[in-house]
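Visitor: Chains G and Y supply the protein sequences, listed in that same order. Note that the UniProt record's numbering has the first sequence beginning at 1, numbered continuously upward. Note that the UniProt record's numbering has the second sequence beginning at 1, numbered continuously upward.
Since the hints were made in silico from the structure, they are not lab data. Think of the CB as a built atom: it goes at the ideal place given N, C-alpha and C, for glycine as much as any other residue. Some hints here could point you the wrong way.
Said to hold, decoys possible - Across the chosen pairs, the derived CB separations fall in these ranges:
id, chain 1, residue 1, chain 2, residue 2, range
1, Y, L386, G, R38, 23 to 33 Å
2, Y, K172, G, R50, 57 to 67 Å
3, G, E152, Y, G233, 51 to 61 Å
4, Y, D364, G, P74, 42 to 52 Å
5, G, P74, Y, L239, 49 to 59 Å
6, Y, H265, G, H35, 41 to 51 Å
7, G, S26, Y, R245, 57 to 67 Å
8, G, Q54, Y, M240, 27 to 37 Å
9, Y, A268, G, A28, 46 to 56 Å
10, Y, Y165, G, R38, 48 to 58 Å
11, Y, A268, G, K185, 52 to 62 Å
12, G, R50, Y, R189, 41 to 51 Å
13, G, Q190, Y, H265, 48 to 58 Å
14, G, H79, Y, Q367, 43 to 53 Å
Unchecked claim - A few chain Y residues that don't get close to chain G, going by computed Cβ distances all over 12 Å:
id, residue
15, P143
16, G159
17, D226
18, M240
19, G241
20, Q244
21, V261
22, N370
To be verified - Which chain Y residues face chain G? A few, computed with CB under 8 Å, are given here:
id, residue
23, A48
24, G88
25, W387
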Amino acid sequence: MERAPGSGRVPRVLAESPSACAPAVSQASLLRLYHRFRALDWNEKGYLSRVDLQQIGALAVNPLGDRIIDSFFPDGSLHLDFPGFVRVLARFRPVDDEDNGNRDPKEPEPLNSRMNKLRFAFQLYDLDRDGKISRQEMLQVLRLMVGVQVTEEQLESIADRTVQEADEDGDGAVSFLEFAKSLEKMNIEQKMSIRILK
Amino acid sequence: MQPLLTACEVQGAWSDSAGPQWATLRMERGAKEKNHQLYKPYTNGIIAKDPTSLEEEIKEIRRSGSSKALDNTLEFELSDIFYFCRKGVETIMDDEVTKRFSAEELESWNLLSRTNYNFQYISLRLTVLWGLGVLIRYCFLLPLRIALAFTGISLLVVGTTVVGYLPNGRFKEFLSKHVHLMCYRICVRALTAIITYHDRKNRPRNGGICVANHTSPIDVIILASDGYYAMVGQVHGGLMGVIQRAMVKACPHVWFERSEVKDRHLVAKRLTEHVQDKSKLPILIFPEGTCINNTSVMMFKKGSFEIGATVYPVAIKYDPQFGDAFWNSSKYGMVTYLLRMMTSWAIVCSVWYLPPMTREAEEDAVQFANRVKSAIARQGGLVDLLWDGGLKREKVKDTFKEEQQKLYSKMIVGNHEDRSRS
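In isolation and in its complexed conformation, chain Y is listed as follows (with noise of 0.2 Å):
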């Protein structure tokens, strides 16, 4: 309980005092000092589980159940059931992958309702400043940031148009840039995005990809906003359509039509033209394929690794006590979202830019891939795993299973051709 309410009056304090411009130049100053830390990753696993192996485990229920001497004849035993049994059960329980996509549980309460579970009724105080919050979000904060918003993006569709206009050119080069960026650091006002950038002499260059990890939408917007990146992306209809059709002329962007996306062949070769041509921006692209919660970095596809150029990782870290990034998309819509992002206190993130990698000769793309990605996991303090990200909408592959049985079987059928030889 104790550091729930230190947390909030802090905050209390904050909202309560003249001068929102104040509390804004608080918040910065407060967040800047935070992100210079490294985040531990946030492991909160509601069982306890031992991390042992499936041999190490049935070995040990066998020796405790067996009255025998433990030699190589056993093979196979009614208790070896117990290991799977708990196993499976374990994972009903709290699996790594299901709690990936939603919403990361806070330890203690940043005011937003939203982000906090086990949550009961504490004070009539706190419910004050519940409300005050309520009130400055939504109607101070969330006007002002709806108005940045429609500026920005309106003035990036003019903008790229009328750049769209003038002969191809150094001068069209360098006009569109500061078109995007000007753009860009208005949508980032817009959420009130407070962001620290970490090694900034790593940036990515021309001819090289950049990938990141996937959070939200959002992740384009701040690293687009301190750097020129050619965008990668399908082809959507009604608002996002307008703003794509614009940004491509003014300077390329790759824009895949819906029917394209499946034919994997014609995706490589755009993206290896692209990257070939060293007067094009570095590609944008997110290898996880969709957004995940910011606590854990998923499998990458190796799409984007096997097209031979350097890669730039970027990992993004954002932190949770001031507003929730994370996109459900089978909750909320984009709208909706937008607006939660908006009613938030702020997004407050650190990216950290990582030195270039490069293929080996020896490792394959898959390889390659899970090297970058253990470096995003490792800078951005989040835990990496080697499960895939689209089982957010699918089920996982037969094969996997295999491997258990296969370990399954070397215990006990490996014993029985030991005990035939002998």
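With the rest of the complex left out, here is chain G (with noise of 0.2 Å):
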């Protein structure tokens, strides 16, 4: 029940860790996230499945919950582990606009870049991952988004016109630079953006 101050509460998966996720997240923040992890783990598995995230209220209220859950679990994976988790939540890290200045073009492009934000939309609809959202897949995820409110005319219609709109090369579907060109007025860096308190 007693444990003495400094008995390796800094976990070691942080310590060994840092690699892979320090770029992308502070320090603090990083033990914020994992003590969310533990208390997401309810039964200390040392993983996350499916179901600890489904069991979030909140998510499950979410219209689009599953999905964002299924973007944590790429390539059909069971198990979340904590660099897995960190590595999805550090997209929405807010951007600090001296990164973009001082960074070196030959690094990889840090993992909360306007770009991999846009990615990780993009995959929200992109089901197959084939890189093109079909029209058959924004109908999918509208019919997500508004449940048995509306009819299947008015769905239809509503996804051809995003998608013509969209569409530049005329292939009937949406390939991700159409998808960024659409939007690149929005401001997509505050508008994915989670900033962690202290």
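Starting from two chains that each stand alone, build the complex the way the hints lay out.
Guide: Pasting the structure below:
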């Protein structure tokens, strides 16, 4: 019941994986996310499964909740470990303007860059990961967001219109570049950022 | 860092000085002074959130992204997804409900290693102080408290059984009340619970129902040591069962068999019978149905509010500085929990008796329950949540998801209808 102060409280996984996570997230935030990970992993398995995330009430009422959970489990994996957890959440770190100025172009793009945020959103549409949002996929996402409130015809017309507007090369689907182009004026950095306090 | 060291040095002075008697007195005085302030709600969200609605946010997203003039012809934009996406990820980082089912995190350390997460080694002196604290708590306070608890429980069982043999009448009621009270008071001493009661004039009367927020099984002892209540609960086996059977011999309590608990009509019927008999004591009920960590109040189950009796709300707020009273039933069993309680410094709490409330003509049971809940939350300085405490064990219902979907559909299809009309 009692643990002496300083007896290995800072978990090993944080100390060992700085290179994987550190540039993406600050140390204090990392600790916060680690405690959140532990809180979600209520039966202390050491990893998270889909069910653990589905238990979050506020996520279950989000119409895109399941899709968001899918983005944490790429390639059909069933277990989410802490570095994986942070890697996804790191995309939502607010963008510092200094980062972009001093960045060495040879280094890999930081996880929270504008392009990576857009890629995250694109993934929510593009279910089969073929790099294009087809009309069918657009319909599926729309259906998730409106439930049973809207008729099939209305939904189809909305989907058609949206694909037409964004599609430039006329292949009937929206590729990632077309997606990015249609949203170029959007302040993605602000809309897709979550600031962790202290 | 600064507040952490000063708090510890003060507490270190307490434990170092001569005479545990003096130390206890100091703790009591300090605690009583603190309890006169109103507790502020402890908002420890870890992310910055904007409290805007779905419609406002989506409109803002569309406005910022589109060069077209904002008019009602926009029905759906690719960017709408950002709202749901961000909200979803926000809840993964921090949501209102999950954190209520684990112990509250404190800002400064109280020399108990169990309630501090972000905690690192600071200095040798602190470790020594902590070690001294462990020694005092385990080797001195714990045996004393166990002895007291043992005395209290045995007296309760023996006393109520003896009173049970008397013929029914005023003398029996008088004796049973006092036996119960005495034993609860011994148990309170066994936990070193330092309780400040406010507004005792509003204490529950016969024929009423007393409702309170639930943090731990100790709530029962705390309330019952200052008033006379009839308990409600499920019949248990083992020691609890022995205590329950003994108690019911002295005065009527409402114990349900496990099978009866599911039958809501039966439960309601028995409770109604009890409150209608004015000679019986007020019922004590915890409508949340589960233990919450004392930073918030969750949805009250409407069963007890349908009966139509006067409701006496009570707010209980524990001071986390001296010990964490929350029972995390998925982590600790009852015995471990009691041991943890008996090895804390003290359990310090405030109890506020709120003025009685009755259901008004136009409101239904759910609205009445929410009204009582808000009053309790406000008085105790707790966050008032609409979520169901049952989320600890079950998933949320799909009806809530439909609400969000309806809101969003109105936005995109409502506009479509305007277009087809014009």
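Visitor: Could you run down the list of hints and mark each one as holding or not?
Guide: Verification of the supplied hints:
1. Y:L386 / G:R38: 23 to 33 Å: holds (26 Å)
2. Y:K172 / G:R50: 57 to 67 Å: holds (59 Å)
3. G:E152 / Y:G233: 51 to 61 Å: Holds, at about 52 Å.
4. Y:D364 / G:P74: 42 to 52 Å: With Cβ atoms ~47 Å apart, the hint holds.
5. G:P74 / Y:L239: 49 to 59 Å: holds (51 Å)
6. Y:H265 / G:H35: 41 to 51 Å: holds (44 Å)
7. G:S26 / Y:R245: 57 to 67 Å: holds (58 Å)
8. G:Q54 / Y:M240: 27 to 37 Å: Given about 34 Å between the Cβ atoms, the range holds.
9. Y:A268 / G:A28: 46 to 56 Å: Because 51 Å falls inside the window, the suggested range holds.
10. Y:Y165 / G:R38: 48 to 58 Å: holds (54 Å)
11. Y:A268 / G:K185: 52 to 62 Å: holds (60 Å)
12. G:R50 / Y:R189: 41 to 51 Å: Once the Cβ atoms are compared, 49 Å apart, the range 41 to 51 Å for R189 (chain Y) and R50 (chain G) holds.
13. G:Q190 / Y:H265: 48 to 58 Å: At 54 Å between Cβs, range holds.
14. G:H79 / Y:Q367: 43 to 53 Å: Hint holds: Cβ distance 44 Å, inside 43 to 53 Å.
15. P143: holds (16 Å)
16. G159: holds (33 Å)
17. D226: Per Cβ check, D226 (chain Y) is outside 12 Å of chain G; nearest 30 Å; holds.
18. M240: holds (23 Å)
19. G241: Fine: 27 Å to the nearest Cβ keeps G241 (chain Y) off the interface.
20. Q244: holds (29 Å)
21. V261: With a cut-off of 12 Å, V261 (chain Y) remains clear of chain G, as the shortest Cβ separation is near 24 Å.
22. N370: Given that every Cβ of chain G is farther than 12 Å from that of N370 (chain Y), nearest at about 18 Å, it holds.
23. A48: holds (4 Å)
24. G88: Because about 4 Å separates G88 (chain Y) from the closest Cβ in chain G, which is inside the 8 Å limit, the hint holds.
25. W387: holds (6 Å)
Every hint from the earlier list agrees with this structure, and none is contradicted.
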